[in-house]
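S.K.: Okay, here's what each chain looks like letter by letter:
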Amino acid sequence: MAIDPRNYDVAELRAAGSGEPLPSRRVTDAADEVDGSTTDATAAAEPDPDRPAAAVAFETSIARDLAALDHGTDAERPYLPALPASLPAEALIFEWLEFLTLQAGHESVCDALDFYRRVGWIGSDAADALELYLSGIGDPRADEATGLDPDDHRVSLHYVARLASLSRR
Amino acid sequence: MSEEDEESEADAESGESQGGDTAPTPIGVKLGSTRTVIAIPDGDGGLRTVKTLTCLATYEDVITGEERVLYGEEAATEYPDRVQYTLRSGLPEDEEGADLTATFFEEVIETNDVPEDSAVVYAIPTIDNERGLENLQSVIEGSSIGEALIRSYPESLCGSVPALGDGLEAVDDIFVTVNLGSTNLEASAYRRGEQLVPFTTGAVTGNEVDRMIANYVEEETQGRVNIDNTTAREYKEAHADFVDFEPFTDVIQQPGGGSHEFTIERSVMDAVDEYVDDAVEEVANAFLPELANDHIKVYQLALDRPIVLTGGMACIPGIVDEFEERLSEALQRDVEAVAPGEPALSAAVGAQRIAQRLVDAGAY
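For the record, the sequence lines run as chains A and B.
For the first sequence, this note's numbering assigns the number 508 to the initial residue and increments by one for each residue that follows.
For the second sequence, this note's numbering assigns the number 211 to the initial residue and increments by one for each residue that follows.
No lab work stands behind these hints, which were simulated from the structure alone.
Quick caveat: nothing in here was measured; it's all calculated off a predicted structure.
Incorrect hints may appear among the rest.
To be verified - Simulated DEER-style distance windows between Cβ atoms:
(1) A:Ile644 - B:Glu283: 49 to 55 Å
(2) B:Asp376 - A:Arg558: 35 to 41 Å
(3) A:Ala582 - B:Glu379: 37 to 43 Å
(4) B:Ser538 - A:Ile644: 28 to 34 Å
(5) B:Glu535 - A:Gly526: 37 to 43 Å
Positions of the beta carbon are idealized from the N, C-alpha and C atoms, including for glycine.
Based on the provided sequences and hints, a complete structural model is requested.
M.R.: And the structure:
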């Protein structure tokens, strides 16, 4: 339906927002693209009246994705010795670093990458490569005032697992 | 008949020519269940906003015998017995509702000289109602404006635009927004203009607050005062205030003659207080878990950024701080809430900014 607000042209809107030339019109369904499974994690979560439902859903979602990415073999540290070379991996790397940068700014991301290396999530090669990528990411909306919290690190582990999974392919 | 406000929108430019032709006028429209707002460039770099109740009444001209139409505040005041709110549920439910809405909209357009050669962006609630959307589409397509271009975007996105900057910063941002409307509570996350996990509930609404106020007034006055929902809404809009509420007095005419004066101390604030609790409950326990489930990164990013509150209920003084405090408590983490300067106008103003950019980009 032409006026259905769920079916607006995201590409045209983004181009209008940035002042870039408009792309040819394309109708997309905003609900099509999700960066996680649509399984209802809240239904699967153990009910805990003391925990906020959103926090439970967040942790369940991370755990679910990590379990799905665990291929049953005994994992060895570092989980991600080096970055996989593939186009999906490139996109994932940028998505991850952009997330960290938006949350805490460049300096905190460097600290975080060092932390992930020390705890054995990523290898030295991966850390060095990520710092190279990081130098190409700048965002004026980065929140320099706050650091990364445990939930942000959980998201990072999620990305580590996804990249490690791509490395195994 | 309608309120016209002059807005100082620095980015609202009009009349630029494209290839020698005069560009269409970029217009933003929100056809709301309670109020309709139209944002139009005023020609001086600002915006002229038309705000009117979404209602009409018809009467017969005693001289000519022709049917006349009144809309907005005038209709509600002069013909309270026959005034019809054409979008009571948010969208026209049937053909008759669509016809009434079309009549109302055309009257507003004509009375306020809204230009036909225009690019119109409509802010539309994200309601899963195919029939209602079809009826609204017939209203929009049948209207005299939007000759150059018609687009529609979610009301929650349009309403967030003025809250997040002077331009279209919202389209390049990641955030959560909650529209506190008369007929629905809508929540959505946006990732660079893309709507994620649109959530709508009709269980927590401004209209329900009006009904609660009417009930509580009856209780507070020991059954001596019965008010209708329109009066309850007027009480809410005039007196609800989380910062500085003061009891107020009103007078009703008794059926047998004479009048009765009464004072309201609790009814209004009890109702809006419960509303905030219910809204926080829906956001914390229904919408955000779904967002966390489907979009881990967006959930984590958006909660560290201000949550944008829009819609008519966001106009109540202090409600943004109340929402922020109670949602922080419910989530056991600090969250920040913000609202645009004029929440009741923000959807139309945001839609107008999008229309302006589409015109600038030559999308018509």
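S.K.: When the hints from earlier in the document are held up against this structure, which numbers fail?
M.R.: none
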